[in-house]
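Number of protein chains: 2
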Amino acid sequence: MAAPTESYAGKIQRKLLKKQRVIEAASGRQKADLVLKNATYVCVFSNQLRTCDIAVANGLIVGLGEYDGAREIDMTGKIVCPGFIDAHIHLESSLVSPREFARATLPHGTTTVITDPHEITNVMGTDGIDYMFQATEGLPIDVRFMLPSCVPATPMDESGANLDYRAIDSFYDYPRVQGLAEMMNAYGIIHNDAEVVSKIVASQAHHKKIDGHAPGLVGKDLDAYVAAGVYSDHECSTKEDALEKLYRGQFIMVREGTAARNLEALAPLLTPQYAERCMFCTDDKHPSDLLEKGHIDYIVKQAINVYGVDPIVAVKVACHHAARYFLLNNRGAIAPGYLADFAVIDNFKDFNVEMVFKKGELYYDHGELKDFAAPQIEEYLDQRAHDTFHVRHLVEDDFRDQRQRGVIGMVPGEIVTTDNGYADHVDLEKDILKIAVIERHKNTNHIGLGYIQGYGLKSGAVATSISHDSHNIIVVGTNSRDMAFAANRIAENHGGIVVVENEQVRGEVVLEIAGIMSDRPLLDVNRELEAAKDAAFRLGVSRGIDPFMTLSFMALPVIPSLRITTRGVIDVITQQYI
Amino acid sequence: MAAPTESYAGKIQRKLLKKQRVIEAASGRQKADLVLKNATYVCVFSNQLRTCDIAVANGLIVGLGEYDGAREIDMTGKIVCPGFIDAHIHLESSLVSPREFARATLPHGTTTVITDPHEITNVMGTDGIDYMFQATEGLPIDVRFMLPSCVPATPMDESGANLDYRAIDSFYDYPRVQGLAEMMNAYGIIHNDAEVVSKIVASQAHHKKIDGHAPGLVGKDLDAYVAAGVYSDHECSTKEDALEKLYRGQFIMVREGTAARNLEALAPLLTPQYAERCMFCTDDKHPSDLLEKGHIDYIVKQAINVYGVDPIVAVKVACHHAARYFLLNNRGAIAPGYLADFAVIDNFKDFNVEMVFKKGELYYDHGELKDFAAPQIEEYLDQRAHDTFHVRHLVEDDFRDQRQRGVIGMVPGEIVTTDNGYADHVDLEKDILKIAVIERHKNTNHIGLGYIQGYGLKSGAVATSISHDSHNIIVVGTNSRDMAFAANRIAENHGGIVVVENEQVRGEVVLEIAGIMSDRPLLDVNRELEAAKDAAFRLGVSRGIDPFMTLSFMALPVIPSLRITTRGVIDVITQQYI
Chain A
3 MAAPTESYAG KIQRKLLKKQ RVIEAASGRQ KADLVLKNAT YVCVFSNQLR
53 TCDIAVANGL IVGLGEYDGA REIDMTGKIV CPGFIDAHIH LESSLVSPRE
103 FARATLPHGT TTVITDPHEI TNVMGTDGID YMFQATEGLP IDVRFMLPSC
153 VPATPMDESG ANLDYRAIDS FYDYPRVQGL AEMMNAYGII HNDAEVVSKI
203 VASQAHHKKI DGHAPGLVGK DLDAYVAAGV YSDHECSTKE DALEKLYRGQ
253 FIMVREGTAA RNLEALAPLL TPQYAERCMF CTDDKHPSDL LEKGHIDYIV
303 KQAINVYGVD PIVAVKVACH HAARYFLLNN RGAIAPGYLA DFAVIDNFKD
353 FNVEMVFKKG ELYYDHGELK DFAAPQIEEY LDQRAHDTFH VRHLVEDDFR
403 DQRQRGVIGM VPGEIVTTDN GYADHVDLEK DILKIAVIER HKNTNHIGLG
453 YIQGYGLKSG AVATSISHDS HNIIVVGTNS RDMAFAANRI AENHGGIVVV
503 ENEQVRGEVV LEIAGIMSDR PLLDVNRELE AAKDAAFRLG VSRGIDPFMT
553 LSFMALPVIP SLRITTRGVI DVITQQYI
Chain B
3 MAAPTESYAG KIQRKLLKKQ RVIEAASGRQ KADLVLKNAT YVCVFSNQLR
53 TCDIAVANGL IVGLGEYDGA REIDMTGKIV CPGFIDAHIH LESSLVSPRE
103 FARATLPHGT TTVITDPHEI TNVMGTDGID YMFQATEGLP IDVRFMLPSC
153 VPATPMDESG ANLDYRAIDS FYDYPRVQGL AEMMNAYGII HNDAEVVSKI
203 VASQAHHKKI DGHAPGLVGK DLDAYVAAGV YSDHECSTKE DALEKLYRGQ
253 FIMVREGTAA RNLEALAPLL TPQYAERCMF CTDDKHPSDL LEKGHIDYIV
303 KQAINVYGVD PIVAVKVACH HAARYFLLNN RGAIAPGYLA DFAVIDNFKD
353 FNVEMVFKKG ELYYDHGELK DFAAPQIEEY LDQRAHDTFH VRHLVEDDFR
403 DQRQRGVIGM VPGEIVTTDN GYADHVDLEK DILKIAVIER HKNTNHIGLG
453 YIQGYGLKSG AVATSISHDS HNIIVVGTNS RDMAFAANRI AENHGGIVVV
503 ENEQVRGEVV LEIAGIMSDR PLLDVNRELE AAKDAAFRLG VSRGIDPFMT
553 LSFMALPVIP SLRITTRGVI DVITQQYI
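For the protein sequence lines, the chains are A and B, in the order given.
Its first residue numbered 3, the first sequence is counted upward by one per residue in the working numbering.
Its first residue numbered 3, the second sequence is counted upward by one per residue in the working numbering.
Incorrect hints may have been included.
[To be verified] Below, computed lysine to any residue pairings styled on SDA-like, alpha-carbon distance capped at 25 angstroms:
id : chain 1 : residue 1 : chain 2 : residue 2
1  : B       : 17        : A       : 223
2  : B       : 17        : A       : 166
3  : B       : 17        : A       : 579
[What the hints assert, rightly or not] To be clear about the criterion: a stretch of chain B counts as covered by chain A if any three or more of its residues have a C-beta under 8 angstroms from a C-beta of chain A, and this derived list gives those stretches:
id : region
4  : 45-53
5  : 62-68
6  : 151-161
7  : 356-366
8  : 536-549
[Said to hold, decoys possible] Derived DEER-like restraints, expressed as beta-carbon distance ranges:
id : chain 1 : residue 1 : chain 2 : residue 2 : range
9  : B       : 242       : A       : 415       : 40 to 46 angstroms
10 : A       : 217       : B       : 373       : 34 to 40 angstroms
11 : A       : 220       : B       : 189       : 42 to 48 angstroms
12 : A       : 274       : B       : 542       : 55 to 61 angstroms
13 : B       : 575       : A       : 31        : 22 to 28 angstroms
14 : A       : 367       : B       : 172       : 34 to 40 angstroms
No lab work stands behind these hints, which were simulated from the structure alone.
Think of the CB as a built atom: it goes at the ideal place given N, C-alpha and C, for glycine as much as any other residue.
Assemble the whole structure, with the sequences as input and the hints as a guide.
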């Protein structure tokens with residue numbers, strides 16, 4: 003028999019009892035659960051350091067003064083910051099499960115991230131959103147969602163789903179959804195595409211936020227984009243770009259991640275004149291970057307030490323401003339009624355995170371991370387996430403082709419490409435390789451073929467199912483047999499990266515969750531990834547290129563000049579297949 | 003036949019069409035409705051004056067740049083500010099209808115007020131809230147509501163209603179409700195009174211704001227009050243008081259109204275260090291004060307010119323900060339997507355408001371106020387508001403009494419009182435008068451009797467139905483006959499103020515809406531009010547006393563030392579009738 007539904011009166015009574023405990027502890031009539039004694043903390047309201055006891059009960063800060071607690075921790079000589087917030091990330095970019103992501107970022111003082119589950123949604127449709135809800139439930143970092151706005155990224159993409167405003171509408175009622183994620187289709191808005199604009203209208207109808215993504219947009223195009231209801235941007239790479247958006251009321255997410263780094267350019271905004279409108283984000287964080295540099299704490303440290311930003315300002319940008327923007331009004335500050343989320347550091351200069359508290363619980367303490375349970379994922383979603391490859395067994399002949407095809411020219415260190423004419427066969431002397439994109443969601447048997455120049459591979463094939471934004475299988479090779487073997491291997495593994503030579507696996511990362519994430523620990527995934535990179539380099543891939551990341555952008559038909567989709571090589575400027 | 007209910011798809015389509023017009027105008031493909039040409043405006047995001055055209059369509063700002071409009075107004079030499087916001091007011095204190103209030107404040111640049119309909123709700127219960135919703139619908143100032151939290155103000159009060167959390171709960175769904183109004187019962191919260199705390203819990207359950215009212219509260223009491231969920235305070239009268247609250251995360255409403263003036267004390271908060279957490283409010287504005295000084299514009303002007311506040315800071319406090327606090331995220335700034343609410347001034351020093359726009363419509367232009375329709379009030383509520391006196395005809399004997407009663411001592415210029423012992427008869431030599439409070443809501447026949455010293459009346463009687471917070475009839479007199487006549491006159495008029503001598507009316511203000519507001523123009527009400535004051539002074543009332551306002555606080559049993567309720571004279575400190 004199902005439990006009876008809670009009445010409104012019952013709900014109020016349940017919350018009342020919690021509230022009364024908070025009031026009893028705040029008043030000093032009952033002991034607090036936890037007291038940070040003699041704590042010097044960042045007061046985001048008076049923009050200064052203040053020192054007193056911080057009392058905690060029921061996971062909330064209840065008082066600032068002198069308090070006794072069931073547990074007391076002396077904070078003399080430390081600085082207590084509100085827990086940090088990543089204002090925009092795609093969790094999938096870490097290549098690990100959200101739980102593993104939490105294990106990696108919690109020790110850096112991160113207690114809240116705003117994720118756009120755009121990658122998994124391109125694979126699994128709305129089931130991907132549900133999967134991420136369940137995979138983040140109850141984690142000791144609070145994962146909040148922006149709903150993917152552009153699935154698929156373009157009409158040329160063959161992704162796992164095609165979502166209009168109505169398809170995502172019911173998710174706005176979910177308590178951890180803050181709004182609509184980056185509206186990448188800026189021209190769709192500016193040119194008043196009803197299907198695109200409807201997504202904004204619906205998010206506003208739910209009183210939710212809408213994030214932007216519009217590098218370099220200016221003038222009336224920017225006015226139209228902002229007037230439509232896009233409230234933030236994380237794609238500014240110059241101060242001027244950022245100011246044009248700030249003047250028009252957009253919040254600026256200063257991004258410093260793995261793929262894009264804008265802190266240097268935007269540090270001049272982190273002054274009292276502008277900082278109120280700024281927050282930090284990473285957008286994408288790859289495993290090695292997370293392990294070597296850290297997360298939001300790394301950005302704060304750089305801002306203070308490299309760019310001379312006032313430490314109080316830097317910390318506010320790292321927590322308070324994102325909280326206010328996303329209407330998460332009980333976090334991002336240290337005051338009664340706020341979540342007891344703390345990042346305790348040694349000092350502003352070294353900025354070593356020594357202890358991290360989430361809702362009053364000490365999760366990280368001088369190098370020791372407390373274990374926490376993996377979220378429960380229901381059987382349907384779990385099986386669905388682990389069975390996303392619907393593609394027949396491929397054979398050598400699938401990659402044999404006598405026609406001439408466009409040659410995509412790679413540019414070292416960039417993701418733009420050049421138009422290098424045509425080819426009709428692999429030519430290792432000219433570094434012309436065959437490239438293919440294999441539709442893998444719906445068994446359509448669509449295989450786009452073309453050539454690529456500048457990758458450097460001398461033998462075998464490299465394949466990956468991380469292939470923005472549709473995450474089909476992309477494979478580059480010197481011969482058709484290894485290309486077929488590599489693509490089949492990806493499908494058999496239910497996703498990942500593989501480096502193949504003579505039908506032998508030379509390096510491999512299995513990404514069995516939707517073909518883009520692993521269930522295993524971040525350290526293991528990172529080790530395998532670095533080993534696979536080495537294998538690719540040994541097969542000749544140019545050292546100036548990230549063998550897998552660069553490949554993963556070759557199927558995104560929005561970046562000039564040439565790309566390849568499941569239907570062949572496309573000229574991005576003219577949107578014509580060539 | 004009723005119109006069919008709008009489908010969700012229909013609603014999105016309706017909003018889409020409006021949005022598409024905004025985008026077309028922003029992009030410049032269609033003409034804007036209105037363009038403020040060459041406008042120097044306050045940019046609250048970059049904290050500076052900026053100059054460009056401001057384009058408006060569909061009542062929204064759509065672009066900042068160079069634009070053509072169906073109507074163009076040259077703004078050269080002027081300063082365009084976002085429309086001003088009063089963060090906390092009881093509209094009833096103006097003694098006129100909301101429409102008349104709008105006529106008085108719109109020329110001062112006010113485009114939004116947050117009202118607590120606490121006065122009318124004490125008379126009419128939740129019907130008072132509904133009445134105010136209807137009486138403010140469609141006005142060219144946007145009236146937003148905080149739901150009264152303390153009706154009646156105390157258990158000793160006999161008001162027209164007794165509202166628990168459940169009684170006001172359905173009002174949270176009303177689109178113009180922002181939260182729960184000033185939690186005056188601070189000790190109820192601190193001492194964890196379930197009935198009081200439930201009101202906060204319910205407001206939070208609706209994701210709404212909760213305003214505070216806690217003069218001088220400090221230490222753990224303040225921690226408990228804030229931890230309970232009270233987000234603001236408008237009762238700070240010293241910088242120290244305000245800082246204690248600001249440190250704990252409360253927003254500070256700097257109040258400068260008719261009854262209480264805190265700008266001088268709190269001006270030191272209006273600096274870049276603290277101003278982000280501050281906004282302006284008036285709390286109460288009486289007719290003559292509105293007419294002589296103005297509204298929020300007056301506070302801004304004083305802040306700049308008397309207290310040396312930076313003009314950009316002062317303007318932000320007057321609009322942007324209140325908008326953000328109340329989550330009214332499309333107002334309080336000049337940027338695409340924001341409401342086209344503007345106060346155009348000549349310069350920061352003189353701060354003369356010359357033009358006022360509400361949603362892009364020019365309502366006030368150099369002394370000329372555009373007329374606007376009175377909101378429609380349904381017959382039930384209109385009749386209900388005009389028939390709130392349920393009290394039998396009173397006679398001389400009702401005020402005759404041989405017992406000794408407490409003597410309330412008035413203090414010139416203050417609303418506190420002293421305990422002046424006992425009396426058993428009127429003694430004009432000692433300035434001891436009889437005072438009575440007559441329950442008038444429910445025909446209970448309760449009449450509290452007592453004496454008052456220091457009022458000065460030498461002849462006749464003075465009565466008013468503005469009597470905080472329950473708005474019973476309060477009457478002071480030299481003799482029982484005039485007291486009965488005055489009280490009866492109030493009831494016959496359905497409310498107001500009367501000055502009586504020898505059963506003749508010497509001065510009178512009719513306040514026929516719930517006994518506390520008039521349907522007539524503010525100028526007329528003010529003239530009658532000033533004439534009635536003169537009449538009271540002619541009958542001997544001391545010149546240092548506001549004859550009616552001072553009286554209106556005598557029945558509020560929360561301010562020491564003695565007060566009078568419908569049950570007699572009460573010692574506020576001991577809460578005992580004496």
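Inset, instruction - Would you pick out the hints that fail for this structure and give their numbers low to high? - result: Numbers 3, 6, 7, 8, 9, 10, 11 and 14, in rising order.
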